[in-house]
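**Q** Build the complex from these two chains, which are given one at a time in their own frames, with help from the hints.
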Amino acid sequence: MLSAHGLTCVRGERPLFSGLDLAVDAGEWLHVRGENGTGKTSLLRLLAGLAQPAGGEVLWDGQPIRQADEAYRRNLMFLGHHGALKEELTALENLEFAAALDGAELSEAEAIAALHRFGLKGREELPVRVLSAGQKRRVLLARLVTRKARLWVLDEPFTALDTKAVAMLAALIGEHLAGGGMAVLTSHQAMPIPGGKVLQL
Amino acid sequence: MNAMLAVIRRDLLVAMRCKTEVLTALFFFVIVTSLFPLGIGPEPALLRKIAPGVLWVAALLATMLGLHRMFAADHADGTLEQMALSPAPLALLVAGKIVSHWLVSGLPLVLMAPILGIQFDLDAGALGVLMLALLLGTPLLSLIGAIGAALTLGVRGGGVLLSLLVLPLYVPALIFGAGAVQAQMAGLDVGGHLSLLAALLALAAFFAPWATTAALRIALE
Chain A
1 MLSAHGLTCV RGERPLFSGL DLAVDAGEWL HVRGENGTGK TSLLRLLAGL AQPAGGEVLW
61 DGQPIRQADE AYRRNLMFLG HHGALKEELT ALENLEFAAA LDGAELSEAE AIAALHRFGL
121 KGREELPVRV LSAGQKRRVL LARLVTRKAR LWVLDEPFTA LDTKAVAMLA ALIGEHLAGG
181 GMAVLTSHQA MPIPGGKVLQ L
Chain B
1 MNAMLAVIRR DLLVAMRCKT EVLTALFFFV IVTSLFPLGI GPEPALLRKI APGVLWVAAL
61 LATMLGLHRM FAADHADGTL EQMALSPAPL ALLVAGKIVS HWLVSGLPLV LMAPILGIQF
121 DLDAGALGVL MLALLLGTPL LSLIGAIGAA LTLGVRGGGV LLSLLVLPLY VPALIFGAGA
181 VQAQMAGLDV GGHLSLLAAL LALAAFFAPW ATTAALRIAL E
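Those protein sequence lines, which keep their order, are chains A and B.
Per my numbering: the first sequence = residues 1 to 201.
Per my numbering: the second sequence = residues 1 to 221.
Chain B with its partners taken away, still in its complex shape (with noise of 0.2 Å):
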């Protein structure tokens, strides 16, 4: 456990000393998001229904700009050696950089879309559940990802073929993440789609650092 909180800690301390890598993400989100309403024009009736899809499409692809980094330089440097032989189980080290990654490039998002979604002309109610769908489903994308950066680990062109790979395993954060706020904003529940969220997070948080590992072992043979 103790292993696990290092190399959380180290990836931040990386990612604090070079920031492009956290600004990048976070600035892909906010431009693509303010893209939409300068294009389409002032029609908030237009814009309401657009919002919940746009944001989380740029949200997709926010994710997917780190993703082919997220262990490119430990493979480089020999550092994913040094893990590999830690007496601490491989598995946990891997969802410790999972957890890193969404730290970096997840939770900015999570933080951002509220202001975002006002340029949507989206309500509180809808802002909130927008923000709890986020929160949900972008840790999903960090583990899911995972898998795929780990199985491109060491390919050239790698980069191409991983949103190949994993954007359409993305497909059902995006139904139900987007559903959640079209359901809020059409007066319906929204229970059911958080709860499919949450169920497939669960899921993916006990499967991917597994996959990511195998995948991992591999690349390192």
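Looking at chain A on its own, in the form it has when it is part of the complex (with noise of 0.2 Å):
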């Protein structure tokens, strides 16, 4: 499980939240929820290991994540506002090497399968250049199913999405947690999701 105690957080000079605690168990979900710039990003980044909290410390199944390092990148898999697609190359081609970079085995038809999933049936050899901003995200999205990580942690995942890909992530979050996940996100958006805690920056 994914727990932090007395997380404080400093941009500058200006400190965004100090003594935060929270605890996600397996088949629970975290809906990080605040204005714009209370430090939902800077809280995403700092439970995904990127950036070094100024205080506390996140922890995961009760070690540090610096001491778990390999154990927890393993079953992490982190969603940034930036989605580390490389424009030049087919919707295909990314999850392949987004695959590889992950440790993980995929095969083309697992891919293909997964890309299907979120509609994007006959553009899989597309650059991913010339799809709309929403098939770029939901390219983003078929990485959530070829990647069997315990622990999602989703920045705005429901940015450029229209209505059907918003119920197509829920349902595939709702599966996710059922088998066991956790998921931490931050949305302004209320979430049908069932097993979810509110965090109020």
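If you're looking for bench data, these hints aren't it; they were derived computationally from the structure.
Incorrect hints may have been included.
[Claimed, not checked] Below are the DMTMM-like pairs computed for lysine to aspartate or glutamate, each with C-alpha atoms no more than 25 Å apart in a straight line:
{"no.": "1", "chain 1": "B", "residue 1": "K19", "chain 2": "A", "residue 2": "E88"}
{"no.": "2", "chain 1": "B", "residue 1": "K19", "chain 2": "A", "residue 2": "E124"}
{"no.": "3", "chain 1": "B", "residue 1": "K19", "chain 2": "A", "residue 2": "E125"}
{"no.": "4", "chain 1": "A", "residue 1": "K136", "chain 2": "B", "residue 2": "E43"}
{"no.": "5", "chain 1": "A", "residue 1": "K148", "chain 2": "A", "residue 2": "E35"}
{"no.": "6", "chain 1": "B", "residue 1": "K19", "chain 2": "A", "residue 2": "E87"}
**A** Shown next, in the form of structure tokens:
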């Protein structure tokens, strides 16, 4: 499980939040809410280990994430504002590269199935450059299907998605939680996923 | 190791899809080295004398051209974040990026150099040594350049700063690389120069990925 004690984040001179505690157990998800600029993205980056907190610590299965290191990164899937899509490569190549980076085995059939699930049939071999903003987002979400990680940390996963894709993503997160997964996500919308806790920043 | 190969494969694929980057460095090298014989005129003795220096300086500047883009695109589109979060060590992935940078902007220079050397009336022996020296020297340039590219990542006007930072560090490669060709033309032993270049390469190959990784982590915070 993921937990954090006394997390403090300082950007420049300004403290964003301090003494933050949170815990996410298997099958639970945490909805991080707050106005723009209250530190939602900063919190997610702290949880992912991309930034170091000014105080407090993040624990994975009771172990600080710096010590858990590789074991933590193997179980973590982080999707930030920028999704690491290479515009020159096709959706399929992007998925395959992401899987190789995650150290996962991904067959072409699995990758194609994941893209089809997000309605990208017939667009597997197109360079991502020619896809619309929403379709690019869908390629990223297809990565959630192929990546077998226990913890998903998603920053604004619903941006640029149409209502159908939002429902698909919500269903996907639901499946993930039912399978014992965990998720932390930021969103301004109310989410139709059971088992959620809300963290107001 | 698989993740590292994937990084190399992806970077080469991206380079193949937008060829301008590969061709810019190569054409810069070709044009700059061709300007000297045109400007100086057909004086074989003089051209032979300046050849090692001109070819090496042009190679240094040509590898500098694409250097600031080494991590910039990956930083902008979030790939660098995903690399940092990969279970594979970041230093290994960074090493992969350095290898692909050399394959794209260093190796073509090595292959092109003998043809350009003919313009300077270099004999076969000197051309061979030039190629060998560049083969040892250009990876060194990519390795040192990677540290500079990582340090100036996200800095406004980073391109100029990068040149100021990296070019002085290229001096040893220039001295021993050009020196090897000069020694060959003077009929001296080239082993010393090449061994020193190889030693510098071994040293940089060991330390540069770590230093680059440390600089990238600062840029990511």
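**Q** Indicate, hint by hint, whether the structure satisfies it.
**A** Taking the hints in turn, this is what the structure says about them:
1. Proposed proximity of K19 (chain B) and E88 (chain A) is supported: the alpha carbons are some 11 Å apart, at most 25 Å.
2. The suggested pairing of K19 (chain B) with E124 (chain A) holds, with an alpha-carbon distance near 23 Å, which does not exceed 25 Å.
3. A threshold of 25 Å between alpha carbons decides the hint, and for K19 (chain B) with E125 (chain A) the separation of about 20 Å falls inside it, so the pair holds.
4. Taking the CA atoms of K136 (chain A) and E43 (chain B), the gap is near 59 Å; set against the 25 Å cutoff, the hint is violated.
5. Distance hint between K148 (chain A) and E35 (chain A) is unfulfilled; the C-alpha atoms sit about 31 Å from each other, more than 25 Å.
6. At roughly 14 Å between alpha-carbon atoms, K19 (chain B) and E87 (chain A) fall within 25 Å of each other, so this suggested pair holds.
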